[in-house]
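Student: The chain contents come next:
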Amino acid sequence: MKIEDSFDVAAPRERVWKLITDPDTVAGCVPGCDGIEVVSDTLYRARVSVKVGPIKASFNMEVELTGETPPEEVRSKSRGEEGSRASTVSSENLLRLEEIDAGNTRVFYHAEVSVVGRLGKFGLGVMKKKAESLGRDFAACFKEKAELAETSA
Amino acid sequence: MNDATEFLRPRSIDEAVAMLAAHEDARPLAGGATLVAMLNAGLIEPDAIVSLSGIEELRGIQAQENGGLRIGAMTRHAETAASALFRDGQQVVPHAAGQIANMPVRNMGTMGGSISFADPAIDYPPALTAAGAEIEIAGPGGTRRVPCGEFFLDWYTTALEPGELVAAIHVPPAPAGSVGHYEKLARVSGDYAIVSVALVLAMDGGLCSAAQIAVGACGPVPIRLAAAEEALVGSSLDAETLAWGGAMLAEASDPVDDVRGSADYRRRVIPRLLAKAVAAARAKMIEEAA
Numbered sequence: 001m002k003i004e005d006s007f008d009v010a011a012p013r014e015r016v017w018k019l020i021t022d023p024d025t026v027a028g029c030v031p032g033c034d035g036i037e038v039v040s041d042t043l044y045r046a047r048v049s050v051k052v053g054p055i056k057a058s059f060n061m062e063v064e065l066t067g068e069t070p071p072e073e074v075r076s077k078s079r080g081e082e083g084s085r086a087s088t089v090s091s092e093n094l095l096r097l098e099e100i101d102a103g104n105t106r107v108f109y110h111a112e113v114s115v116v117g118r119l120g121k122f123g124l125g126v127m128k129k130k131a132e133s134l135g136r137d138f139a140a141c142f143k144e145k146a147e148l149a150e151t152s153a
Numbered sequence: 001m002n003d004a005t006e007f008l009r010p011r012s013i014d015e016a017v018a019m020l021a022a023h024e025d026a027r028p029l030a031g032g033a034t035l036v037a038m039l040n041a042g043l044i045e046p047d048a049i050v051s052l053s054g055i056e057e058l059r060g061i062q063a064q065e066n067g068g069l070r071i072g073a074m075t076r077h078a079e080t081a082a083s084a085l086f087r088d089g090q091q092v093v094p095h096a097a098g099q100i101a102n103m104p105v106r107n108m109g110t111m112g113g114s115i116s117f118a119d120p121a122i123d124y125p126p127a128l129t130a131a132g133a134e135i136e137i138a139g140p141g142g143t144r145r146v147p148c149g150e151f152f153l154d155w156y157t158t159a160l161e162p163g164e165l166v167a168a169i170h171v172p173p174a175p176a177g178s179v180g181h182y183e184k185l186a187r188v189s190g191d192y193a194i195v196s197v198a199l200v201l202a203m204d205g206g207l208c209s210a211a212q213i214a215v216g217a218c219g220p221v222p223i224r225l226a227a228a229e230e231a232l233v234g235s236s237l238d239a240e241t242l243a244w245g246g247a248m249l250a251e252a253s254d255p256v257d258d259v260r261g262s263a264d265y266r267r268r269v270i271p272r273l274l275a276k277a278v279a280a281a282r283a284k285m286i287e288e289a290a
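First to last, the sequence lines map onto chains A and B. If you're matching positions, the first sequence starts at 1 in this note's numbering and goes up one per residue. If you're matching positions, the second sequence starts at 1 in this note's numbering and goes up one per residue.
Watch out, some of these pointers could steer you wrong.
[Unchecked claim] Covered stretches of chain A (chain B as the covering partner; in silico rule of three or more C-beta atoms under 8 Å from a C-beta of chain B): (1) 47–55; (2) 126–140.
[To be verified] Distance ranges between label pairs, derived from CB positions: (3) B/Gly42 - A/Pro23: 29 to 37 Å; (4) B/Thr143 - A/Leu94: 47 to 55 Å; (5) B/Glu288 - A/Phe7: 48 to 56 Å; (6) A/Asp101 - B/Asp47: 52 to 60 Å.
[As the list claims (entries may be wrong)] A few chain B residues that face chain A, going by a derived Cβ cut-off under 8 Å, partial list only: (7) Arg27; (8) Leu43; (9) Ile44; (10) Thr157.
Don't read these hints as lab results, they were simulated from the structure. Small disclaimer: the values here were computed from a predicted structure and weren't measured. Just so you know, even glycine gets a beta-carbon here, dropped at the ideal spot from N, CA and C.
Isolated chain B (complex conformation):
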C-alpha cells in the first residue's frame, strides 16, 4: 500500500460496485486475512481499497424455503464452522471452515474473500464444489449466479470481472440422509492442504446412493468428475471401487511441486485420501443412525 491508496467505506453493495468501477485497480477488502498480508509483502499495490465491512446485506447465513442456504460473502469462517443451519451433506462446508488455518484467521477471514482470492490450496473451493454451491456475483450490470465450475477458472483466477464482487454463496439442499465430510492432509494443523477431499455421500441399503466428490490443492481449480462419482454410486464403496474412482481423480489432477509435496506424491495421495474420507463419512452415518 502506498500514500496514494484511497481507503473507501461503502454502505451498500451498489455503492461498493460503483467505487470498484470508478478506480482502475481497486481491491475489495473483506476480512483482510490474505489481502493485508499481500499488501504488507508488497505483492499488490491497488489504487483504492474498498472495505466491505460496513455493508449489512453481505452478512449472515439464511436458510431458504427449499432447504438451501444463502451465505453472505462477509460471513467469517468461525461463524460458518459453528452454524447449525447446515443439514445433511451441506455439512461439508462448515467441516472445511473449521479446518481453515487457526482461530484468529477463522475470526477474521470471510467466505467471499477466500474464494475470490482462489488460492488452489485453500479449503472452501473443494468443499463448495462438492456441495454443488453457486456463487452470487454483484456487478455494474446487476447480479448473476454461477456454479463453482464456472467460478474457479485458473490459478488465483475467478470469473469475477473488474468492478464485480462476491455477494453471497448459495448451498443447495443435499440429498436426504447424506453426510458431508472434508478430509485434509496437511503438514501441520492449520497449514494449507497438500491434498484435500470434500465429500457429500449417501448410502441406501448398503449401497452408495449419492456421491459428490471434489479434490482440492491438486490443480488450478477443484477437481470434480462425473465419471468418478458414477463409479461409486450403486457400489458398496468397496476398496476396489474407491481405488478406481481415486485413480480417475488422480489422472485428472495437475498438481504443483512445492515445499508441501511433489506433484507425484500428491497424485499418489488422492486415492488414499478419498478412501479415508469415505471411511470417515460412513462412520458419521453410523454415528447419526445410532
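Isolated chain A, as found in the complex:
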C-alpha cells in the first residue's frame, strides 16, 4: 500500500534537514517507538509498537539509508519482524524537503509499504488509515520540535 502526505514546518530548510536526519529527533516523534540504536551512519535499529483496536503488534525495525541529497532528499528502506510471529512489514521510503521561503519548509513523504503474515489478514484498508493517522501524529510532533528549535536558536 502507498502512504503519502506532506506537512509544512515554520523553519528554514537547512534546520529541518538537520533535524529530520537526526535519528534521536525522528525516533522521538515516531508514535510507539521506544528508542533507536545507531548501528552505523546508514543503519538504524528501533522497536516500534502499534495498536489497532484489540490487536497489538511490536516490530523490531531495521532502517537503512539508501541515498541522500542534502538538503533535499533522503531515501531509505525499512524492514520489521514481529518477534516469533512471522509477520513482516517492509517499506521503501522517500522524504523530500522543499523550500517554501527562507523560513518555511514543506516536507513530502512517500512510502510503499507491504505487510505479510498474521497482520496481512486484517485488511489493508484500515491499516492504511492507521498509517495515515500515525503520519499525522509524527508531523505534529516534528513540527513542534523544529519550530521550538527555531525560536530558541
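For chain A, the structure is supplied; the task is to place chain B on it using the hints.
Tutor: What follows is chain B alone, placed relative to chain A:
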C-alpha cells in the same frame, strides 16, 4: 490463544468486571462470532477470557414504560431480528440485525459483542446511531450511559476502558408514526457492507416531519449529520433535496479503499443509497397505512 490463557465464567456483571480488572489483558467473550475467529487467526492473545454466557442479567429485551427498549448485551442477532417489541422507527435495529452475515452467525453473535469490536463495516453501529441509542457500560466504578456518538470513537475503538463491558443498549422511543429502514449495499448477501444507510423517517401531510440518518462503513465511526437531517425535514423528500443531503453525508465521510470498493466509489454510492433507503422507507409507510 495459548496455554497460559485462563478461561473464566463469572455469574454476575460485578464478578465479570472484577475479573476483567484483575487481568492486564483480559477479553470478555460474548457470542464469540468475531473473538474466536481472531483467536484462531492469532490476531489477539489475551491472558484471560471472561465468558459472559452465564450472566443472566445480560440477556433479553425489555420494553420500558416510556416506550424505550433495554436490550441486554448478550442478546443474539437472531433474537433481535425476530423481536416484536420494536415499534415505529425503532425497527431500524431489527431490520439491520436480520441482515448481519448469515443464520449461524446471527444465532451466535450478540449486540454487545458486535458493538464492542466496532468494526466500521458492521451493521449495528449505523442502525443504533440512527435510532439514537445509548450504550450502558458497566465498570469498576459502576455503570454509565453514553450516546453512540461518544461510544464509537475510531476504527475498532470504543469508549470502553480496560475493565469495562457493555451491559445493555437503550433504544429510545421513535417519533410517532415513523418507520425504520436499514439499506445495505454488499457484494453478496451476508457480506460486510460496502456502504449502509440506517434511517428513521416520518412524514406528515406529504412533508418529512422527522429524519434520523446514519451512514455506515464509510469512516471510522457511523456518520450522523444534523445539517443533512435538517435539510430533509420539512421537504417533500424530492430527488434534489435527497441529493443535497446525500452530498453532505458523502462530504463528511472518510472511507477506506479495500477489496469491497474504493473510497471514491463509496462516496458516490452514499447519496444513491440514501435515496434508495428513503424510497424503501416511504413504501413501508404506505404499506402500514393500508
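Student: Hints first: check each against the structure and report whether it holds.
Tutor: Right, here's what the structure says about each hint:
Figure legend: the region 47–55 of chain A, annotated as covered by chain B; annotation consistent (4 residues with Cβ-Cβ distances under 8 Å, at least 3 required). Only when three residues or more bring their CB closer than 8 Å to a CB of chain B does the claim for the region 126–140 of chain A stand; here the count is 4, and the claim holds. With their beta carbons about 32 Å apart, B/Gly42 and A/Pro23 fall inside the hinted range of 29 to 37 Å. Between B/Thr143 and A/Leu94, the C-beta spacing of about 51 Å keeps the proposed range 47 to 55 Å intact.
Restraint check, B/Glu288 to A/Phe7: a C-beta distance of roughly 54 Å satisfies the suggested window 48 to 56 Å. Between A/Asp101 and B/Asp47, the C-beta spacing of about 55 Å keeps the proposed range 52 to 60 Å intact. For B/Arg27, the interface hint holds, since its Cβ comes within 8 Å of a Cβ in chain A; the closest pair sits about 7 Å apart. For B/Leu43, the interface hint holds, the least distance from its beta-carbon to any beta-carbon of chain A being 5 Å, beneath 8 Å.
A least Cβ separation of about 5 Å between B/Ile44 and chain A falls short of the 8 Å threshold, and the interface hint therefore holds. A cut of 8 Å between beta carbons decides the hint on B/Thr157: the least distance to chain A is about 6 Å, and the hint holds.
No hint from the list above goes unmet by this structure.
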